[in-house]
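Colleague: As a plain string of letters, each chain reads:
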Amino acid sequence: MHLDVALSTLVHLLTTPQLLFLMTIAVPMGIFFGSTPGLGGKLGLVLLIPIVFGMPALTGAVFLCAMHAVVHTGGSIPSILVGVPGDGPAAATVLDGYAMTKKGLAGRALGASFGASTVGGLLGAVFLGLSLSILEPMILMFSPAEFFLLALLGITFIAMLSGNNFLKGLISGFFGLMVAFIGLDPSTGDERYTFGQLFLWDGVSIIVSVLSMFAIPEMISLGVKGRSFDPAVAAAAAGKSEFVARAAAEPVSPPARPMKVKVSYAQIWEGMWDVVVHKWLVLRCALLVAAIGVIPGLGGDAAAWMAYGHTVQSSKNPETFGTGRVEGVIGAETGSCAKEAGSLLPTLFFGVPGSSGMAIMLGAFLMLGLQPGPTMLTEHLDIVWSLIWALAIANVICVIMLVAAAPWIAKLGSVKAGFLIPYVIVLALLGCYIYGGNWQNLVLIAVMGSIGYMFKRHDWPRAPFVIGVILGPIAEDSLLKSLALGGIGFFFRPISMVLVALIIGSIAFYIYRSRKPALNKAAAVKQDLGKPEVKHA
Amino acid sequence: MLKRLLAISAVALAATAPAHAADNNIFNGKTITYIVATAPGGGYDTYGRLTVRYMQKYLPGSRFVVKNVPGAGHIVGANTISAARPDGLTIGTFNTGLVYDQLLKRPGVRFDLNKMSWIGKASNDTRALVVSKKSPYKSFDEILNSKTPVKFAASGIGSAAYIETRILQDALHVPIQIVPGYDGNEAELAMLRNEVVAQIGTANSLEQFVNNGGGYFALTISETNDLPMVPKASQYAKDDRAKKLVALVSTLSHIGRLTVGPPGMPPAQLAALREALMASLKDPGFLAEAKKLDLPIVPASGAEVEALIKQILNQGTDTVAYLNHAAS
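Just so you know, the protein sequences line up as chains A and B, in that order.
Each residue of the first sequence is one higher than the one before, counting from 14 in the working numbering.
Each residue of the second sequence is one higher than the one before, counting from 14 in the working numbering.
Here chain A stands alone, though its shape is the one from the complex (with noise of 0.2 Å):
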């Protein structure tokens, strides 16, 4: 484990006033970038590459591993206070995130997402550690036949995230994966569903999805005024059945938002607390993204999915999930944290980045003359040592800021939404504008926001939608790779076959539960609210 590299890679970054500045201005940058709906993480390393450019070499990759070790932290404030995720992984945390604003536990809510991201990047930092030694192996063990069955594991999931609606969800999933597949085809370079756009060449990109299935209705249906009726007073006042009047009526919604949102320290040390309840599934969580992580090919996106996706599995109700739990804002953090850990390692030993942040990350790497590869292992392990702690020490210093602001933080859940719906309407197509440089987007995100305020306004599941987006070209690379390397029997593999036992163990374990008598939600629902809880198996 090269522990006395570790110890004074350590000392290093702490005694030097250089570093350490840094690091403390890079953590305000990346939850700035990873909080402001539209910008993102990856826009905030794009940006600060040119000013990273010419520094020297460990400086400026501190630097710039401090700041995005922290936004998905950062990007968990919109997605809990208003339901705007900034990125893919932060639309997870909206499902369970914003329903526990909605019931007016937010403070509890930051406090779960502060915790679980801080202990899932501490974690993930450990892994990284101590995997040193045993990464090439790792890594080499895993080929496309592999990579697809992960994908298709993932995939999965869009079964156990559609709650009560698995049809929906399951055209949800589907319409992502359309989506997904705009671009070229990778075996014959054919233009699939680009309408003769140059810019779709590349597909359409997450953000724009994400956005415009979340970001976009959100603030939609903020600006339409939410009805809720009681159907009983409305057919007793027309003279009518109920049953007549509920099949007129519009759907029940609960109000779009709360009308202020009050956090204090006590909500958000008690959502921290959940976090130690919730001790072994944030362990799972982390193990399981950091593991992912490292293997080059699912993509940290995905893995971020894949954390939430074993939250909702691993419960004994799943089907609550979505309403406002506490740990699906867990499971979702931890991932989304812990898996930049993990994907730094094939960035740096094997020039292929582990996640789409580090496929940015590899780009400063090489400009600030760090050539990735095994030599890092054996002549830079001081520069390997001191990203490891980067990011810690990143973690570290973003929960004592973010926890500290706290109550002026959820000021921005009781933002009017007369201010709110333009700042984030227009952030979001700056966003989508700035990431590729295409006006185009600007009409895609309004073409697809249309059809994402469809979803939400008639109750269709929309995170099948982003895993689909999310998972497709990784399922469709990766199938096409291994058909090509070994045919079917590339699949066969040992590795490959007990991925294949795990989906079907997943599904499997989906259709024993969904034969199960419904959870009665009121007491799923009384156990957010500090009654005894069911712990996780």
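In case anyone wonders, no lab produced these hints; they're calculated from the structure.
Every value quoted in this text rests on a predicted model; they were computed, and no experiment measured them.
Using N, Cα and C, we set each Cβ at its ideal position, and we do this for glycine too.
Only true hints are included.
Computed spacing ranges between beta-carbons, pair by pair:
hint : chain 1 : residue 1 : chain 2 : residue 2 : range
1    : B       : Pro73     : A       : Lys273    : 55 to 65 Å
2    : A       : Ala459    : B       : Ser152    : 56 to 66 Å
3    : A       : Gln31     : B       : Lys80     : 23 to 33 Å
4    : A       : Phe45     : B       : Asn337    : 49 to 59 Å
Model the placement of chain B on the given structure of chain A, informed by the hints.
Modeller: Then chain B, alone, in the frame of chain A:
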């Protein structure tokens, strides 16, 4: 032979071009946008940012701004440069492999490299075949004589690496099974996993993989001197199709990390930019920084690059037909 041809072409072009002494104050107070056809970070961006830093020095009063315009395999960036106003205030860089896209008349291409204003180039783009040390093949001859198809990794369909692999397959009759879809360093990882045997790429970017013991250079498709001990593809080109295609790839190899402007740039601006670029690429400070970043520098003037590009693009119809067949 090639060097003589280059020299003659450069002289001819210089003789026919109107004589303009470069006025390096011509951009005083102006902002020049340098478009990089990739996302920030990576080789093109690094070369671009380093280059403009020194070009600023040799164009007093000027200010350079790097703008990243990625998309569609550099085509979006190249289209953007081509469509810019030809006043010298927009220049940029993109992958030399776009020559293939123009020759093959790929949809989406809105530039004409024949008409662009060539400012210069910073490096070579020597194309080489790297074979995995884990494979049973110890030389190119063994691959050539293989009884079963040999798996080669390539990036996307239509990319330069894919086309060059198809050229080896089609023109040199190498038994290859191409597995596309390997971006960046994924092909090296695939070789370490023993999934594929070889890949074609830029010698410079594969050098570290070779130095780390992952593979060896089995063949170079270029006539550059970057890999003097490695067999050259021209030795294996027996027929007219093979000779012409290998010559095409080889000529392209001399142009790497180019800097170019839109068509119709005024001669005064073009001359100033060319002179500033050449001065930058020879500046001791630039060379020291490039060495630190492990960026090889083999400069050539805009006139030389222009001559090469015209030579490449004005291939006979037979060569284009061969290329079309290889790329199909």
